[in-house]
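Start from the sequences and build out the full structure, keeping to the hints where you can.
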Amino acid sequence: MKDFFNALADPSRFFLIFTVAVLAMLRWREFFTAPKVALTIFAGAVIFFVWALKDPGFKANISKPDNIPIIFMLFLVGYFSWLSLYRAVKNDRRIDRGELPEEAVESPKKVLVWPDLVYSEFICMLIGTAILVIWAILLKAPLEEPANPNKTPNPSKAPWYFLGLQEMLVYFDPWLAGVILPGLIVNGLMAIPYVDTNPKGNGYYTFKERPFAITSFFFGFVVLWVSMIILMTFLRGPNQAFFGPFEQWNLHKVEPTVNIQFSQIFWQQWLGTSRPINWLMREMPGILLVLGYLAVTPIVLAKTVCKKMVTQMGNPRFLTMMIMFLIMVAMPIKMVLRWTCNLQFIVNIQELALNI
Amino acid sequence: MADTPEVPKPAGAIPPPIVAAPAAASVAPASAAPVAKPAAAPLKPRPKVQMVWEPKELHRRDWMLVGAWSLFAVASLLSTIFYIVRFLFPNVTYEPPLQFKAGLPTEYAPGRVDERYKAAFGTWIVRDDRGLYALSTTCTHLGCTPNWLEGEQKFKCPCHGSGFRKSGINFEGPAPRPLERYRVGLADDGQMIVDKSVKFQEEKGEWLNPEAFLYV
Ligand code: FES
Numbered sequence: 001m002k003d004f005f006n007a008l009a010d011p012s013r014f015f016l017i018f019t020v021a022v023l024a025m026l027r028w029r030e031f032f033t034a035p036k037v038a039l040t041i042f043a044g045a046v047i048f049f050v051w052a053l054k055d056p057g058f059k060a061n062i063s064k065p066d067n068i069p070i071i072f073m074l075f076l077v078g079y080f081s082w083l084s085l086y087r088a089v090k091n092d093r094r095i096d097r098g099e100l101p102e103e104a105v106e107s108p109k110k111v112l113v114w115p116d117l118v119y120s121e122f123i124c125m126l127i128g129t130a131i132l133v134i135w136a137i138l139l140k141a142p143l144e145e146p147a148n149p150n151k152t153p154n155p156s157k158a159p160w161y162f163l164g165l166q167e168m169l170v171y172f173d174p175w176l177a178g179v180i181l182p183g184l185i186v187n188g189l190m191a192i193p194y195v196d197t198n199p200k201g202n203g204y205y206t207f208k209e210r211p212f213a214i215t216s217f218f219f220g221f222v223v224l225w226v227s228m229i230i231l232m233t234f235l236r237g238p239n240q241a242f243f244g245p246f247e248q249w250n251l252h253k254v255e256p257t258v259n260i261q262f263s264q265i266f267w268q269q270w271l272g273t274s275r276p277i278n279w280l281m282r283e284m285p286g287i288l289l290v291l292g293y294l295a296v297t298p299i300v301l302a303k304t305v306c307k308k309m310v311t312q313m314g315n316p317r318f319l320t321m322m323i324m325f326l327i328m329v330a331m332p333i334k335m336v337l338r339w340t341c342n343l344q345f346i347v348n349i350q351e352l353a354l355n356i
Numbered sequence: 001m002a003d004t005p006e007v008p009k010p011a012g013a014i015p016p017p018i019v020a021a022p023a024a025a026s027v028a029p030a031s032a033a034p035v036a037k038p039a040a041a042p043l044k045p046r047p048k049v050q051m052v053w054e055p056k057e058l059h060r061r062d063w064m065l066v067g068a069w070s071l072f073a074v075a076s077l078l079s080t081i082f083y084i085v086r087f088l089f090p091n092v093t094y095e096p097p098l099q100f101k102a103g104l105p106t107e108y109a110p111g112r113v114d115e116r117y118k119a120a121f122g123t124w125i126v127r128d129d130r131g132l133y134a135l136s137t138t139c140t141h142l143g144c145t146p147n148w149l150e151g152e153q154k155f156k157c158p159c160h161g162s163g164f165r166k167s168g169i170n171f172e173g174p175a176p177r178p179l180e181r182y183r184v185g186l187a188d189d190g191q192m193i194v195d196k197s198v199k200f201q202e203e204k205g206e207w208l209n210p211e212a213f214l215y216v
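Those protein sequence lines, which keep their order, are chains U and W. Residue numbering for the first sequence follows this note's numbering, beginning at 1 and increasing consecutively. Residue numbering for the second sequence follows this note's numbering, beginning at 1 and increasing consecutively.
Honestly, the hints are just simulated from the structure, not real lab data. Among these hints, one or two may not hold up.
[To be verified] Across the chosen pairs, the derived CB separations fall in these ranges:
id : chain 1 : residue 1 : chain 2 : residue 2 : range
1  : W       : 199       : U       : 143       : 34 to 42 Å
2  : U       : 5         : W       : 150       : 28 to 36 Å
3  : W       : 215       : U       : 326       : 48 to 56 Å
4  : U       : 143       : W       : 97        : 26 to 34 Å
5  : W       : 99        : U       : 7         : 51 to 59 Å
6  : U       : 288       : W       : 199       : 32 to 40 Å
7  : W       : 99        : U       : 320       : 49 to 57 Å
8  : U       : 174       : W       : 85        : 27 to 35 Å
9  : U       : 66        : W       : 97        : 33 to 41 Å
10 : W       : 99        : U       : 326       : 46 to 54 Å
11 : U       : 8         : W       : 91        : 56 to 64 Å
12 : U       : 174       : W       : 205       : 22 to 30 Å
Just so it is clear, CB atoms sit at the ideal spot from N, CA and C, and this is done for glycine as well.
Have a look at this one:
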């Protein structure tokens, strides 16, 4: 049983299962959000945790003060995903029948910020503070010895909410993973109100009216951000090697991997020649691949699958959205390539310290 | 409003000089305005007050003030710049010296990675069958300190899992280039000298430099 879970936790398998699970949940949302099914899944998760906590290694990892928020977060993310989909399914049924969404019936009038909103915010703040105080009393802060530049803790992990970023750093250069991509995430989030001017779904839950928006949100947040936090916290051990949840953290787990560059694959394996000396020639295939991915795909999509979307959004909006979307999708593509083919960089210009 | 656009115009045209002398602006109005007022008041009060800013009407005392303020401004600007620059050069540094003696080359066993200078100087000294070289302990990815794993014969970084061979060449994980090597040489007393101020990077072909390797 434990071996089975360990085998599932291989990164590419884990990622695949996670993605498929989220997509399946969205596709068969009517089934999965039925309270009975959802409760069964929840009970299953709790039973799994209780059973798994008998394993000392798993317990040690889970009960680190650092990792407890992550457990909370997992259950919270699960709960809120369920809640939103559950209500979306209900509303979709009502809309199909030609009725108004539930929210429109419940509170047809606008309510005032003061006192309605501020009161409930105030109460939430009190409860939140109380929980934090109790938490701080019960659990010691995970303080460590003073930092020593010569000794990096092994494994070194960022605060839990940054683990997704740290996971990104494993696959990309620091300038990309630490500067450009986080910047794009923030700017992309800020751009949403300007890019997405579709009024559908404002103020009420729905899935049918916004399938693409909701699916990309689930993919970006649950699959890319939350699953990366899980991966980084529970599946990475010393030397950032991958360990199954019930595997001993062995300092000497040998992973015989040797990176390969895209230019090597292209020139040596596909064309059977040696790589050109000139770096521009050498990296041309990779550069073209990246540019093609970012420039050609939106055009192709606009002409084929997304015709309707383009007419609705207009060209500039569609382009902005598409490029953000493609960059988001590029993340898992690169991760899977690293896990399966040990591909290090698609563009690898050491001469300019530029790697993609 | 629309009938009398000509009157405010001169007033609008004059302000630029005020902008041009910011240091004097805070002082001059108090002292200069009373001087100008008696002459200006009967005709067009507004433009005349503005005229005060023309240099002709500045008295000697005002000039002194303008001079004093500009002197003050220049002096504070210069001293600010000076001290900002000065801050970049601390009086005392706790960094270890960039050059250190690393003992006799014969102290190092062939094929071994020596960690005795890792903590103090951030350097691994490695001996292969031809000689010695000094590797920097800074990961080329984001600057963590990797660990030498004797069993696997590789340096492995705990931050994002980069791996380096004993030579310093990167072969796994995200590190984009090999570890850097420091300049090595022999002192008069036969001891090995490591000079961290000179670095050799493999991807620039610098490891072929004779100073990057100490033949023994
Ligand atoms: S700092 Fe060494 S792998 Fe990132």
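Against the structure, the hints come out as follows:
1. Checking the proposed 34 to 42 Å range against residue 199(W) and residue 143(U) shows it holds: the Cβ atoms sit about 35 Å from each other.
2. In this structure, residue 5(U) and residue 150(W) meet the distance hint of 28 to 36 Å, their C-beta atoms being roughly 32 Å apart.
3. Separated by about 53 Å at the C-beta atoms, residue 215(W) and residue 326(U) satisfy the suggested range of 48 to 56 Å.
4. For residue 143(U) paired with residue 97(W), a C-beta distance near 33 Å keeps the hint of 26 to 34 Å intact.
5. Under the hint 51 to 59 Å, the C-beta atoms of residue 99(W) and residue 7(U), about 53 Å apart, fit the expected range.
6. Hint check: residue 288(U) to residue 199(W), Cβ distance near 34 Å, so the stated range 32 to 40 Å holds.
7. Take residue 99(W) and residue 320(U): their Cβ atoms lie about 54 Å apart, and the range 49 to 57 Å holds.
8. Checking the proposed 27 to 35 Å range against residue 174(U) and residue 85(W) shows it holds: the Cβ atoms sit about 29 Å from each other.
9. Between residue 66(U) and residue 97(W) the beta carbons are some 38 Å apart, a value that agrees with the proposed interval 33 to 41 Å.
10. One distance hint, 46 to 54 Å for the beta-carbon pair residue 99(W) and residue 326(U), holds here, with the actual separation near 51 Å.
11. Separated by about 59 Å at the C-beta atoms, residue 8(U) and residue 91(W) satisfy the suggested range of 56 to 64 Å.
12. Distance hint check: the CB atoms of residue 174(U) and residue 205(W) are about 24 Å apart, consistent with the given range 22 to 30 Å.
When each numbered hint is compared with the structure, no violation occurs for any of them.
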